[in-house]
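Could you use the hints to bring the two separately framed chains together as a complex?
As given, the protein sequences belong to chains A and B, one line each in that order. For the first sequence, counting from 1, position 305 maps to 1075 in my numbering; every step adds exactly one. For the second sequence, counting from 1, position 55 maps to 114 in my numbering; every step adds exactly one.
No wet-lab data here; the hints were simulated from the structure. Fair warning: this is a prediction, and the values are worked out from it, not measured in the lab. Misleading hints may appear alongside valid ones.
Label-pair restraints from in silico Cβ distances [said to hold, decoys possible]:
#1 A:Gly-1063 / B:Thr-68: 45 to 55 angstroms
#2 A:Asp-1455 / B:Thr-69: 35 to 45 angstroms
#3 B:Ala-200 / A:Pro-1370: 35 to 45 angstroms
#4 B:Thr-68 / A:Gln-1054: 28 to 38 angstroms
#5 B:Lys-175 / A:Thr-1400: 21 to 31 angstroms
#6 B:Ser-71 / A:Gly-1131: 37 to 47 angstroms
#7 A:Ala-1107 / B:Gln-180: 14 to 24 angstroms
#8 A:Val-944 / B:Met-137: 40 to 50 angstroms
#9 B:Thr-69 / A:Arg-929: 45 to 55 angstroms
#10 A:Pro-987 / B:Thr-69: 19 to 29 angstroms
#11 A:Ser-1333 / B:Gln-180: 51 to 61 angstroms
#12 B:Gly-111 / A:Ala-1245: 56 to 66 angstroms
#13 A:Asp-1069 / B:Thr-68: 45 to 55 angstroms
#14 B:Gln-180 / A:Lys-1005: 49 to 59 angstroms
The beta-carbon is built from N, C-alpha and C at its ideal position, and this holds for glycine as well.
If you want the building blocks of each chain, they are given just below.
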Amino acid sequence: MGNIQNLSRRNVLKGMAASRLLLGANVAAWLPVSQAAAAPASFAPNLFVAVAPSGQVTIVVSRSEMGTGIRTSLAMVLADELDADWRSIKVEQAQGDAKYGDQNTDGSKSVRLLLNTMREAGATARLMLVNAAAQRWRVAPSACRTEAGAVVLGAAGKRLSYGELAEAAAKLPVPPAGSVRLKERAAWRYIGKPLPIIDLDDIVHGSAVYGIDVVLPGMKQASIERPPSYGGRVKSFDATDAMKVPGVERVVEIPASPMPSGFLPLGGVAVIASNTWAAIQGRQKLHIVWEPGPNADYDTTSYRAALEATARQPGKVARNNGDVDHAMQAASKRISADYFVPHLAHAMMEPECSTAEFADGACTVWTATQNPQQARTTVAQFLGIEQSAVTVNITLLGGGFGRKSKPDYVAEAAFLARAVGAPVKVTWTREDDIAHDYFHAIAAQHLEAGLDANGKPTAWLHRTVFPSIGSTFTANTVYGAAGELSQGVVDMPFDIPNVRCENGPAEAHVRIGWYRSVYNIPHAFAVGSFVDELAASAGKDPVQYLLSLLGAPRKLDPHLLGSEYANYGASLDEYPIDIARMRNVVLLAAARSGWGSKLPARHGRGIAVHRSFLTYVAAVAQVAVAEDGTVSVPRIDLAVDCGMVVNPDRVAAQFEGAAIMSLGNALYSSVTFKAGRTEQSNFGDYQVARIDATPETHVYVVRSDAPPAGVGEPGVPPVSAAICNAIFQAVGHRVRALPVDQAELKAA
Amino acid sequence: MPDLTVNGTTHSVDADPTMPLLWVLRDLLGLRGTKFGCGIGACGACTVHLDGEAVRACVTTVQDAVGKQVLTIEGLGMHGEHPVQRAWKAANVPQCGYCQPGQIMQAAALLKQTPKPTDQQIVDAMSGNICRCGTYQRIKAAIRAASTEAA
Chain A
771 MGNIQNLSRR NVLKGMAASR LLLGANVAAW LPVSQAAAAP ASFAPNLFVA VAPSGQVTIV
831 VSRSEMGTGI RTSLAMVLAD ELDADWRSIK VEQAQGDAKY GDQNTDGSKS VRLLLNTMRE
891 AGATARLMLV NAAAQRWRVA PSACRTEAGA VVLGAAGKRL SYGELAEAAA KLPVPPAGSV
951 RLKERAAWRY IGKPLPIIDL DDIVHGSAVY GIDVVLPGMK QASIERPPSY GGRVKSFDAT
1011 DAMKVPGVER VVEIPASPMP SGFLPLGGVA VIASNTWAAI QGRQKLHIVW EPGPNADYDT
1071 TSYRAALEAT ARQPGKVARN NGDVDHAMQA ASKRISADYF VPHLAHAMME PECSTAEFAD
1131 GACTVWTATQ NPQQARTTVA QFLGIEQSAV TVNITLLGGG FGRKSKPDYV AEAAFLARAV
1191 GAPVKVTWTR EDDIAHDYFH AIAAQHLEAG LDANGKPTAW LHRTVFPSIG STFTANTVYG
1251 AAGELSQGVV DMPFDIPNVR CENGPAEAHV RIGWYRSVYN IPHAFAVGSF VDELAASAGK
1311 DPVQYLLSLL GAPRKLDPHL LGSEYANYGA SLDEYPIDIA RMRNVVLLAA ARSGWGSKLP
1371 ARHGRGIAVH RSFLTYVAAV AQVAVAEDGT VSVPRIDLAV DCGMVVNPDR VAAQFEGAAI
1431 MSLGNALYSS VTFKAGRTEQ SNFGDYQVAR IDATPETHVY VVRSDAPPAG VGEPGVPPVS
1491 AAICNAIFQA VGHRVRALPV DQAELKAA
Chain B
60 MPDLTVNGTT HSVDADPTMP LLWVLRDLLG LRGTKFGCGI GACGACTVHL DGEAVRACVT
120 TVQDAVGKQV LTIEGLGMHG EHPVQRAWKA ANVPQCGYCQ PGQIMQAAAL LKQTPKPTDQ
180 QIVDAMSGNI CRCGTYQRIK AAIRAASTEA A
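Chain B extracted, bound-state conformation (with noise of 0.2 angstroms):
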C-alpha cells in the first residue's frame, strides 16, 4: 500500500486499500480527534480535508485518500490557531465538544472555497454535519465571526 500523507507527514500504512481513511486514522496512525458518528456520511463527525475539500472520512477509502494531502483537527491548527478555531472558542460553542472537529472541518473547508458566505451558504454547507447538543445557532455564529476576522 503506498504511503500516506497526513498533516504534511508521510506515514507508511499497512491496511486493506478498503478500510476507510477514518479507522486508519484512529486505529492505525493514532489521531483520534476525528470522531466515529455514523459510518456513512450522515452524520458530519468524521469531516477531514482532502485537498482542502472536506470529505467524511468514513466513506473514504484509505486508497481514495493515497496521494492526496489528508488534513485533520490536529493538523488545522499546526502553524498556529485556526481563525474557526478562535471564533469557536470566542462563541463558546461547543457543549459535549464530540460532533466539534467535525464542525470545525467542514467551516475551515467553506471559508476556504467561500470566504463570505451568506447564511444560506453556511446553513447549506454545514447541514451535513449533526449536532445532537444543538450548537448550531453558535456553529452560525463562529462561522460568521471567523470570515469576518479573516477578510
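Extracted from the complex, chain A is given alone in its bound form (with noise of 0.2 angstroms):
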C-alpha cells in the first residue's frame, strides 16, 4: 500500500514537472498542497492551507470548478478567516481523495458542507500564527491583532508578515478542532463582497487549462466510436482503412461494461493517433458490426404515449394527506392537467475529455470531473487495481451540469494508456456527446384538483412517471428514488388539506443521469403550471392566488411530507420549509417585475415559486409572442432567498445563468429517440438558448443570516413554468408539453 502510494505520488511529480514544461505556469495549480507543504519552512496546519516564507498563501479547493465560482467562494471564506492578503492568495485545486471528505461538486452543496471547515481551518492557521508572533515579543497572543497578511502588536507598533511567521508557527502544535473561534459577521473582511473569480485572468486570455488542454509528452489521441443504442456491444470490427489514415497508429477495443453500465465505459472501438483529426478521421472509416443489445428499439414517441398512460393509471404513494378521493368528489369543481417534459442533453461546452497515463502498475489522469473520488473509483474498477494506484489531478471544467460526475470518459481514456502504453487523451466529440449522455430523464404527468367555491383546492393529487436515475445503477429499477421525489412532488408546498403524490413504474432504455436541478425540472414545470390553471379558472390573479395558496407564514410540518422526504440531505430543523421565505420571495419578485402593469397585446407575465437545493426562488418571466407563433422573452425577474452568501456577484451570475439554460429548456431543447438512437447529434439539431434568445434578467437576492443554501441549480426549476404562465396571460394557450411548440402559438 505504502509502496502504491510512493508510486503514484511519483508518477504525479514526474507528470507534473513534464507537462508544466509544456504548458507553462498553469499547471502548478496540481501541485498538491502536501508538497507546497513539504517546501523548506512553509507552514500547513491542516489540508486546506500554507504559507510560504515568502509570504504567499495557498489554499487548497477540494470541489470542482465548472462555473460556479466556487473555487474563488472557498478561497474567500478561509482568506477571511485567515485575514489573509487577498493579494497573496493561490488557489490549488486538491486531488480526488478521500481525506477531503466529499468532493462530489454536485447537489448545489459545496458551500454548505464546506463553509464551516473552510472558516476553521483559516481560524486555526491565523490564531497559530498569532501564537508565534507572541511569542516572538513576548506578549500575550491577546495583545496581538491580525490584519491582511500579518500581525500586528498595536501599542508597540510591530509587525511580523504572516510569511516571516511561517516557519515559527509551523513548529507549534495545532489547536484541537472546535476550539478556535471565528469572526463575527461585522468583522468579515471578504464573505458578502463580489470578488472577481480568481481564473478569470487565465479565462480572458485563453491560457486557462481545461480537461481538453491536458498535454502530456508522449501523448496520443483517441476517438471512440461506441454502440448506437445502450447495451450494444461490438460483434466484430475491421480496421484496415482506419489504419490507413495518416496519424492513425492504433486500433484498441474497449469492452462493454455489464448491464447497467453505471459509471462504467460504454464500450466500443478506439483509434489511437498522433493528432484529434487523425484520430477522428480514422474512427469514420471503422467498419464495425455491433449486437444491437436490449434498447435498439427505444423510441420516444411511443414511450411518451406508454408513460402518459401509466400516469393515468394509480400509482405507488408517495405521501398520503386526508383523503384525496373523497374531497374529489365532495369538490364543487374539479379540474386535471397532464404535463410532459423530454428527454435533454447536457451538452457542456467542453465534451467528455480525459487524459491518463498507466505506469509501473499505477494509473495517473488529469481530467476535468465533477467527481474525483468516483473517477478515482471507477478508474480502479475497470483496470482491475486498487484505487491507491489510481491518482486524480483536476483541471478546470469547460461547465458541467451533472454530466462530468459520471466518469465513464475517465476510465476510456486509463483503460487506452494502460493498452496503448503511452499516455492517452480522449475528447469526446460533440456527436458523442449528444448520442452517448446521461440523460436528463423524460417525464409525464397528471395533476388533479378539487375545488371548493371560491376556487381554493381542497383536494390535490400529483403522479409522476419517469425513468428513475436508479436504473442507471440497478437492474429493474422501474420506481423513482425517495430523492427524486423529493424534488418537487412530495415536498409541494402548498396548504391542502387533502394531497396525495404517486409514483408509477417506468423501465429505462437508455443511460439515465441528473442534469442541473434535476427531477425538478419536470415537477416544478408541472406544479408551477398546474397552480396558474387552477387561478386562471378561479378567476384569480396568479400571484394573489399563489399567496393564498401558501397560506399562512410557518415552517411547513415534515409529517405531512412522509418518512422518506430527503430535503437534499440536510436536517429539516436547520433547513426547514419556510413557507414565510417563500411568500417573501413571491411578493418581492411580483414588486420588482411590475407585477400587473399594462403590457401590449400578445405580451405577458407569468409567475412561479418554487424552493430546491435549500433555497427559495420566484421567477417572473414576461413574453412576447409574435402573429406567428414565434416566443421571445424579453425580461425575467428572480427574487432569491439562499441564505447568507459569500460572494453575491456569483450568486447573482449564477441565477442569471439558470434563467438561460432554463429559457433554453422551455422553449428549444429536446433529445428524441428512433430505433435505439438519438435523432439529434450536434448544436444544429439540438437547440439551446443563444444570445438572441436572452432576456433583460434581474436577480435579487434576499439579505439572510441564514445557513447558506443552494446556488447552482435553483435558479433553474420556476422559470420554464413562469414562461409558459406569461404565454397563456399572452395568447390564452396553455402550454403543457416542453419545449414549447410555437407553431401552436401562431394568432387566429
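Okay, here's the thing in C-alpha cells:
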C-alpha cells in the first residue's frame, strides 16, 4: 500500500514536471498542498492551507470549478478567517482523495458542506500565526491582532508578516478542532463581497487549462466509436481502412460493461492517433458490426405514450394527507391536466475529455470531473487495480451540469493508456456527447385538483412517471427514488388538506442521469403550471392566488411529507420548508417585475415559485408572442433567498445563467430517440438558448443570516413554468408539453 | 505545405492540408486557448481571426489559412490587453470560461468592423457563439462597454 502510494506520487511528479514544461504556469495549480507544505519552512496546519516564507498563502479547494466560482468562494471564506491579503492567495485544486471528505461537486452544496471547514481551517492558521508572533514578542496572544497578512502588536507598533512567521508557526501544536473562535459577521473581510473569480485573467487570455488542454510528453489522441444504442456491443470490426489514415497508430477495442453500466464505459472501438483530427478521421473509416443489445428499439414517441398511459393509472403512493378521493368527490369543481417534459442533453461546452498515463501498475489521470473520488473508484474498477494506485488530478471544467459527475470517459482514457503504453487523451466529439449522454429523464405527469366554491383546492393529486436515475446503476429499477420524489413532488408546499402524490413505474432504455436541478425540472414545470391553471379557473390574479395557496407564514410540518422526504440531505431543523421565505420571494419578484402593469397585446407575465436545494426562488417571466407564434422573453425577474451569501456577484451570475438554461429547456431543447439512437447529433439540431433569446434578467437576493443553501441549480426549476404561464397570459394558450410548440401559438 | 502565420509568427506545419485549423492550432502548435465545441461551426468556441475576420477554426482548413494572418486569443492581447478583454473582466463575464475565448474573438472582430454596434448588431454578431452557462447578458454589457472605451 505504502509502496503503491509512493509510486503514484512519483508519477504525479513526473507528469507534473513534464506538463509544466509544456503548459506553463497553470499546471502548478495541480501541485498538492502536501508538496507546497513540504517546501522548507512553510506552515501547513491542515489540508486546506499553507503559508510560505514568501508570504504566499496557498488555499486548497477540494470542489471542482465548473463555472460557479467555487474556487474563489471557498478561498474567500478561508482567507477571511485567516485575515490573509487576497493578493497573496494562490488556489490549488485538490486531487481526488477521500481525506478531503465529499468532493462530488453536485447538488448545489459546496458552500453548505465546506463553509465551516474552511472557516475553521483559516481561523486555526491565523491563531497559530498569532501565537508565533506573541512568542517572538514575548507578549500574550490577546495583545496581538491581525490585518491583511500580518500580525500586529498595536501598542508597540510592531508588525510581522505571515511569511516571516511561517517557520515558527509550523513548529507550534495545532489547536484541537472546534477550539478556535470564528469571526463575527461584522468583521468579515471578504465574505459577502463581490470579488472577481481567481481564474478570470487566465480565462480571458486563453491560458486557463481545461480537461481538453492537458498535454503529456508522448501523448496520443483517441476518438471512440461507441455502441449506437445503450447496451449494444461490438460483434466484430475491421480497422484496415482506419489504419490507412495518416497519423493513425493503433485501433483498440474497449470492452462493454455489464448492464446497467453505471459509471463504467459503454465500450466500443478506439482509434489512437498522433493528433485529434487523425483519430476522428480514422474512426470514420472503421467498419464495425454491432450486437444491437436490448434497447435498439427505443422510440420516444411510443415511450411517451406509455408514460402518459401510466400517469392515468394509480401509482405507488409517496405522500398521503387526508382523503383525496373523498375530497375530490365532494369538490364543487375538479380540474386536471397532463404535462410532459422530454429528455435533455447536458451539452456543456467542453465535451467529455480525459488524459491518462499508466506506468508501473499505477494510473494517473488529468481530467475535468465533478466527482474526482468516483473517477478514482471507477478507473480502479475498470482497470482491476487498487484505488490507491489511481491518482486523479482535476482541471477546470468547461461546464458540467451533472454530466461530469459520471466518469465513464475517465475510465476510457485510463484503459487506453494502459493498452497503448503511452499517455492517451480521449476527446469526445459533440456527436458523442449528445448520443451517449446520461440523459435527463423524460417525464409524464398527471395533476388533479378538487376546488371549493372559492376556487381554492381541497384536494391535490400529483402523479409522476419517469425513468429513475437509479436504473443507471441497479437493474430492474422502475420507481423513482425518495430523493427524486423529494424534488418538487412530496415537498409540495401549498396549504391543501387532502394531498396524494403517486409515482408510476417506468423502465429506462438509456442511461438516465442528473442534469442541473434534476427532477425539479419536470415537477416545478407541472406544479408551477397547474397552480396557474387553478388561478385562471378561479378567476384570480396568479400572484394573489399563489399567496393564498401558500397560506400562513409557517414552517411546513415535515410529517405531512412522509418519512422519506430527503430535504437535499440537510436536516429539517436547520433547513425547514419555510413558507414565510417562500411568500417573501413571491412578493419580491412580483413587486420588482412590475407585476400588474399593462403590457402590449400578445405580451404577458407569468409567475412561479419553487424551493429546491434548500433555496427559495420566485420567477416572473415577461413574454411576447409574435403573430407567427414565435415566443420571445424580453425580461425575467428572479427573487432568491439562498441564506447567507459568500460572493454576491457569483450568486447573481448563477441565477442569470440558470434563467437562460431554463429558458432553453422551455423553448428549444429536446432529445428524441428512434431505433435506439438519438435523433439529434450536434448544436444544429439540439437547440439551446443563444444570445438572441436572452432576456433582461434581474436577480434580487434576499439578505439573510440563515445558513447557506444551494446556488448553482435552484434558479432553473421555476423559470420554465413562469414562461409558460406568461404565454397563457399573452395568448390564452396553455402549454403542457416542453419544449413549447410555437407553431400552436400562431395568431388565429 | 506552405507556412502558416499565427499571431505574427510563421510556423512550418506538417499537416494534411484538409486538417481543420482548430486542430493545427491546438495539437500541432500548442495554442490551446482556441476551444473545440462542436466541429461543425455551430457553437463558436473555436472562433479565430483570419485577416481580421472572425471564422470558425473547426470548419476552416489549414490550407485556407495559409497566406493569411491568423489571430488567436493568445495573440489578441499581445500588445497590451485588448479593450474587449478588459471589458470582459470589468463585467465579470465568465462562469466556466470555456467558450469565452471564442466569444471574445467574435466580439473583437465585431468592434473592429463596427466600432459602435447597436444592440441588434451585437446580437446578430454574437448569436453563433453558444455559452451554456448563460453569460449572454454580461457579454452584451461588456461589448457595449468596450465599444464606449474604444471611442
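For each hint, the structure was consulted:
1. Roughly 50 angstroms separates the CB atoms of A:Gly-1063 and B:Thr-68, a value that falls within the hinted 45 to 55 angstroms.
2. Between A:Asp-1455 and B:Thr-69 the beta carbons are some 40 angstroms apart, a value that agrees with the proposed interval 35 to 45 angstroms.
3. Roughly 26 angstroms separates the CB atoms of B:Ala-200 and A:Pro-1370, a value that falls outside the hinted 35 to 45 angstroms.
4. At roughly 33 angstroms, the beta-carbon separation of B:Thr-68 and A:Gln-1054 lies within the given 28 to 38 angstroms, and the hint holds.
5. Taken as a hint, the range 21 to 31 angstroms holds for the pair B:Lys-175 and A:Thr-1400, whose Cβ atoms sit roughly 28 angstroms apart.
6. In this structure, B:Ser-71 and A:Gly-1131 meet the distance hint of 37 to 47 angstroms, their C-beta atoms being roughly 40 angstroms apart.
7. In this structure the hint that A:Ala-1107 and B:Gln-180 lie 14 to 24 angstroms apart at CB is violated, the actual value being about 42 angstroms.
8. Separated by about 47 angstroms at the C-beta atoms, A:Val-944 and B:Met-137 satisfy the suggested range of 40 to 50 angstroms.
9. Taking the beta carbon of each, B:Thr-69 and A:Arg-929 are about 54 angstroms apart, inside 45 to 55 angstroms as hinted.
10. A hinted range of 19 to 29 angstroms holds for the C-beta pair A:Pro-987 and B:Thr-69, which are about 25 angstroms apart.
11. The hinted range of 51 to 61 angstroms is satisfied by A:Ser-1333 and B:Gln-180, whose Cβ atoms lie roughly 58 angstroms apart.
12. Here the CB-CB span from B:Gly-111 to A:Ala-1245 is close to 58 angstroms, well matched to the stated 56 to 66 angstroms.
13. Hint check: A:Asp-1069 to B:Thr-68, Cβ distance near 53 angstroms, so the stated range 45 to 55 angstroms holds.
14. A hinted range of 49 to 59 angstroms holds for the C-beta pair B:Gln-180 and A:Lys-1005, which are about 54 angstroms apart.
Against the hints set out earlier in the document, violations occur for numbers 3, 7.
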